[in-house]
Amino acid sequence: MNFQLTKEQEFVRKMVRDFAVKEVEPIAAEIDAEHRFPTENVEKMGKLGMLGVPFPKEYGGSGGDQLSYAITVEELSRVCASTGVICSAHTSLCCWPIYNWGTEEQKRKYLPDLLSGTKLGAFGLTEPGAGTDAAGQQTKAVDMGDHWLINGSKVFITNGGYAETFVVMAMTDKSKGTKGISAFIIEKDDEGFSIGKTEDKMGICASSTTELIMVNCKIPKDRILGNVGDGFKVAMSTLDGGRIGIASQALGIAQGALDVTVEYMKARKQFGKKLSQMQALQFEIADMKTRIEAARLLIYKAADMKEKHLPYGPYSAMAKLFAAETAMYVTTKAVQLHGGYGYTKDYPVERMMRDAKITELYEGTSEVQKIVIAASVFK
Amino acid sequence: MALKIIVCAKQVPDTNEIKIDPVKNTLIREGVPSILNHDDANALEEALKIKDMYPDTHITVITMGPPQAKDMLIECMAMGADEGILASDRALGGSDTWATSNALSAVIEKIGEYDIIFAGRQAIDGDTAQVGPQIAEKLGIPQVTYVTEFEMDKNMKDITVKRALEDGYEVIKIQTPCMLTAIKELNNPRYMTVGGIFEACKKEIPTWGAKDLGVDPVKEVGLDASPTNVFRSFTPAPKGKGIMIEADSNQEAAQKLLINLKAKHVI
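Protein chains in written order, with the working numbering: chain A, 1 to 379; chain B, 1 to 267.
Everything labelled a hint here was simulated from the structure, so no lab data went into it. Backbone N, C-alpha and C define an ideal beta-carbon position, used for all residues, glycine too. Take the hints with a grain of salt, since some may be wrong.
As the list claims (entries may be wrong) - Stretches of chain A that chain B covers, calculated by requiring three or more beta carbons in the stretch to come under 8 angstroms of a beta carbon on chain B: (1) 42 to 50; (2) 64 to 72.
Claimed, not checked - Calculated lysine-lysine pairs in the BS3-like style (CA-CA distance at most 25 angstroms, straight line): (3) Lys57(A) <-> Lys140(A); (4) Lys173(B) <-> Lys7(A); (5) Lys47(A) <-> Lys202(B); (6) Lys357(A) <-> Lys4(B); (7) Lys14(A) <-> Lys157(B); (8) Lys14(A) <-> Lys274(A); (9) Lys14(A) <-> Lys138(B); (10) Lys138(B) <-> Lys173(B); (11) Lys269(A) <-> Lys19(B); (12) Lys47(A) <-> Lys51(B); (13) Lys57(A) <-> Lys157(B); (14) Lys211(B) <-> Lys138(B); (15) Lys49(B) <-> Lys22(A); (16) Lys47(A) <-> Lys184(B); (17) Lys157(B) <-> Lys273(A); (18) Lys57(A) <-> Lys211(B); (19) Lys157(B) <-> Lys49(B); (20) Lys44(A) <-> Lys173(B); (21) Lys308(A) <-> Lys203(B); (22) Lys138(B) <-> Lys57(A); (23) Lys197(A) <-> Lys119(A); (24) Lys107(A) <-> Lys269(A); (25) Lys203(B) <-> Lys22(A); (26) Lys19(B) <-> Lys57(A); (27) Lys51(B) <-> Lys44(A); (28) Lys211(B) <-> Lys14(A); (29) Lys211(B) <-> Lys274(A); (30) Lys173(B) <-> Lys14(A).
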């Protein structure tokens, strides 16, 4: 049992925080208001190795570990949840399935560009009628002998508008249910592939959430990820890891909201004293801080288990469930502690509260996390 | 020909985080994070820019300090330096600038070959700006302080620098080997990279003591060898609030100032 971060992990936090405070925080409110994808910062993150943290150097990664990756997303999200999820979706949902399920050729072809941030990645599972209920997939892939032909559409795809490499699920045999799903790598310029509607969201407004449209999308045979019928396994194992990323995002949002609220309370005076001197309000901070630390322990444990190849699925679900609820709890309290100012866009807690909500929804709602957790209890 | 660059750096307390003990008038160092001295980060950045252009350039960062100064060397390597060397020994403790430059010159002489030595102008904890120039004198190489622009000829020998003065600048041509001290206007230090962190943490950092350096702990380094001592440290009393004189004309402003000064019996 060791609750100390390694020297490497401490340095990663220092470095990402330094970057986040200098480059991300100053534009966070602006890109939220303008719904603008922060291309300039994503490019810098790539060069600094933040888009390939937990992958070996031989594929162009940073040679880091899962916990360092979680810390990266946490620190980015502490100042901007949109920037955090760009990193998380790219790393967990596109790079990881290619790294884990890809052939050596696929890894050599796709990972160097992805891990260096030269190209951004995205993941397509959700459809208008099927999210976590993957068996309801309508997107079909047909083996045409010398190529695959894919038809269908995906929705709510994080990084959709800016990604160049997509891991997409499609039915190859409807009669087999979830065992009839296969995973494919699609490139932005593939014939018959296009980006549809961009969603107008409540929060994480600077992240790109789009539709993917495949109309007679023709891709080479070697683009299947894993074997025919492995798609559901690819998707579920990917989401297990993705939840560590989203939990880290939620943790970052909560920590960021706590940090700005503490500073606000030290400065704001009412009834002749600072808010920070009022015990009823101090107790709110104590509750917020305690939940944040509990969420952090769950997340770091899940990340450590993944690093050690232990069965971590229920743990990442617990981490995400608890961290997402913590993010909502803390940001709601943070707005309350700011009073009316917290409801204005002059203070970041307004944005943080909007951003927090998504963490209870994507990569499995909180209810889905409970299904995963309960299933591990009653197995 | 691969260039060899030495960067002198110092780990310092983050002055943004420092508090002063109101009774003892000394710095409260407990719990204050240590950082790479700002000007030294500029010194390293300039070396790294040369390495960006000529990738076979070898950068060695040297420092003198307690064992935890290794963390700062790791940071420098995570930014892109090739190696770090720590001079650390109880015998070196308490060194003033003269003794410090003795130790660092000995480190540089032990390294042997070098083309350029970059140092920061001064450290934020002592603000002396003496160690860089003293090292250059002891090594017998030319130096330029307050470097704000740097340019090297393709022959890797001729260097042109801009040296900041209070009211302008000088343009100076200099040849390697030389010592240049950097100010913050020289460049914007880069971030560490994630990959750099994981590589740097694996690297061995040689620690050299007084014996390794062949310096005399009585006459050359350490507290006893230091010709200067800190007599007393104190916090200057805060100045009173200033007054802004607002007036429509200079003459009126001068009148108001005069009235104020007379009222206070200054004149």
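> If you draw a straight line from the CA of lysine 14(A) to the CA of lysine 157(B), is it 25 angstroms or shorter?
Replying inline: 37 angstroms, violated
>> What's the verdict on lysine 211(B) and lysine 14(A), does the C-alpha distance respect the 25 angstroms limit or exceed it?
In response: Given pair lysine 211(B), lysine 14(A) is violated - Cα atoms ~35 angstroms apart, limit 25 angstroms.
> lysine 14(A) and lysine 138(B): Cα distance at most 25 angstroms?
Replying inline: 37 angstroms, violated
>> Between the alpha carbons of lysine 47(A) and lysine 184(B), is the straight-line distance 25 angstroms or under?
In response: 23 angstroms, holds
>> Checking one constraint from the list: CA of lysine 308(A) to CA of lysine 203(B), max 25 angstroms. Satisfied?
In response: Holds, at roughly 24 angstroms.
>> Checking one constraint from the list: CA of lysine 173(B) to CA of lysine 14(A), max 25 angstroms. Satisfied?
In response: 39 angstroms, violated
>> Check the hint pairing lysine 51(B) with lysine 44(A) against an upper bound of 25 angstroms on the C-alpha distance.
In response: 19 angstroms, holds
>> What's the verdict on lysine 357(A) and lysine 4(B), does the C-alpha distance respect the 25 angstroms limit or exceed it?
In response: 53 angstroms, violated
> Keeping to a limit of 25 angstroms between CA atoms, is the pair of lysine 57(A) and lysine 140(A) held or broken?
Replying inline: Not OK: lysine 57(A) and lysine 140(A) at ~35 angstroms, beyond 25 angstroms, violated.
> Three or more residues of the stretch 42 to 50 of chain A near chain B by CB distance under 8 angstroms?
Replying inline: Satisfied; 4 residues make the cut.
>> Need the status of pair lysine 138(B), lysine 57(A): alpha-carbon distance at most 25 angstroms?
In response: 43 angstroms, violated
>> For lysine 47(A) and lysine 202(B), compute the direct alpha-carbon distance and say whether it is at most 25 angstroms.
In response: 21 angstroms, holds
Violated hints, listed in ascending order, are 3, 4, 6, 7, 8, 9, 13, 17, 18, 20, 22, 24, 25, 26, 28, 29 and 30; each of the other numbered hints is respected by the structure.
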